[in-house]
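Number of protein chains: 2
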Amino acid sequence: MIGLSKETKEKWEKFVELINTALDVFLPCEKEEPQELYKAMRYAVFSGGKRLRPTLTLATAEILGLDPKIVLPQACAIEMIHTFTLVHDDLPDIDNDDFRRGRPTVHKVFGNDIAILAGDALFACAFKTALRGSLSDEKKIKILKEITNALCYKGVIEGQVADIRSTRKKPTLEDMLFIHTHKTGKLIEASVMVGVLASDVDGEVQGYFRKFGKNIGLAFQIKDDLLDAYGEEEKVGKKLRKDFNKASAVVILGKEKAEEMMFKLVEEAKENLRKAVGDRGKFLEEMADFIINRES
Amino acid sequence: MIGLSKETKEKWEKFVELINTALDVFLPCEKEEPQELYKAMRYAVFSGGKRLRPTLTLATAEILGLDPKIVLPQACAIEMIHTFTLVHDDLPDIDNDDFRRGRPTVHKVFGNDIAILAGDALFACAFKTALRGSLSDEKKIKILKEITNALCYKGVIEGQVADIRSTRKKPTLEDMLFIHTHKTGKLIEASVMVGVLASDVDGEVQGYFRKFGKNIGLAFQIKDDLLDAYGEEEKVGKKLRKDFNKASAVVILGKEKAEEMMFKLVEEAKENLRKAVGDRGKFLEEMADFIINRES
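So the protein lines, in turn, are chains V and W.
Residue numbering for the first sequence is 1 to 296, as defined by my numbering.
Residue numbering for the second sequence is 1001 to 1296, as defined by my numbering.
Source of the hints: derived by calculation from the structure; they are not laboratory data.
Keep in mind that this is a model prediction, so the values were computed, not measured.
Misleading hints may appear alongside valid ones.
Heads up, incomplete: computed chain V residues facing chain W, CB under 8 Å, no partners named [stated by the list, open to error]:
id, residue
1, L4
2, V109
3, D113
4, L117
5, F123
6, L151
7, V161
8, D202
9, Y230
Ideal placement from N, C-alpha and C gives every residue a C-beta, glycine not left out.
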């Protein structure tokens, strides 16, 4: 993975292995009935993703002195929620995307009905999974509040609604910032915060981490806009040049200013991280850089 | 409401008032943006339903000595989940229903995209709501486990998948029982159990209540099948005679045997309730009778 030190690359791979093993345990077995549903859920989840969100959770927990395994169920819950939003967003009635990560989308393989229900089932399974593990009930409740706040009133879903409606009139910078911070940013912010909430750090440190999560979340979506405008379709694995009539940072700010904003966000993110944990945040700093240097 | 004593009718109406007031507080305000989303959520929730499920929760809690208000957030969460399943089931890609409770379905009014996302938002809002209130974290976690188990692996969603696939081959009695106990029964059972789990009753009493919930859940769906086959469209408020090629108890057992099964289920339910709480369960007994005597 581009620009990562050997140490960070290896650690990330170890986290991904841990996450994939756990997801395999937490998801229903595809040999059971209704096979169609369970196959669709697993097809969506096991699609070669980078596991960015749950890795943020595990890494944050580890930096704060925890065994990352303790927050594995909650990290996997976030990945399931992320996947559920992708499955529903790709539907013909919403973004109508045929490809995702280089493969046909869930509804292309399993039909629209199963795609809707597999999304719902992943959502339900996410909450079921977030209740598992050995964290205290108090911490689980705090984490669930963080996750549900990231989703609704105002969260990912409001961001998605604003996004699909952004083609109706020329979106402003303000519209774009609302969409990006909600549709994409909120769940990335929550991924970091779930790791934080599993620990016992005080409110000040929590605040630095929240700022870190917020900033890399927004930077992530600006990078997505840049990839949509200038990336290579084969590398990105989905249809590009689709967002010119949407609230894209590239359309609203232009390439140069969008990049400038993105770099500034990540610099600020890293500064906050340093205030929280000094130089112990190297892994997360490199993840932040990766987010804006990736090619897919 | 048919066959209810004056006392039970008044109590039910009071519960409904309490539930509606709370739902109004827990749901996002429709004057806020994105208005379209919030209007769709509220249109789906405030459609003149009988609030059967949350009423079961509040009544159960009250019978077990609690102030029913303590479990109001969790009862409302169940109603939101019930509503979310209806919104998604009605979609053109699934059951393709144009009417529900005598009004156009959510996608007919707001479009398929908003209907999908309003369903998702209701689901998210349900979990957000279930985390509210003054129950202990331990009880909230137990309740959330009950609710998520009712939904997935094996729950409501598996029941719905089996239902939409039941037209592919002639369904057996076993298929019908799986679909009915999961698609409809699980959430009704959970509605009772959430009231139980808010209290401190022991495992034996919990078992009686679970049996009560299971039985009235299955009886409820058999009654739905009877209404589909023999009910009046105007009273029921949706298109009837739709289930002849599906796993309907009427088709599989015939009218007489379906009714017999339904009556037996409710008798057994009431016996279990009496074992749990003696004659303090009058309200729930009348609700059980109402379920099989209703005309809509």
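Hint numbers not upheld by this structure, sorted from lowest to highest: Hints 1, 2, 8, 9 are the ones this structure does not satisfy, whereas the remaining hints hold.
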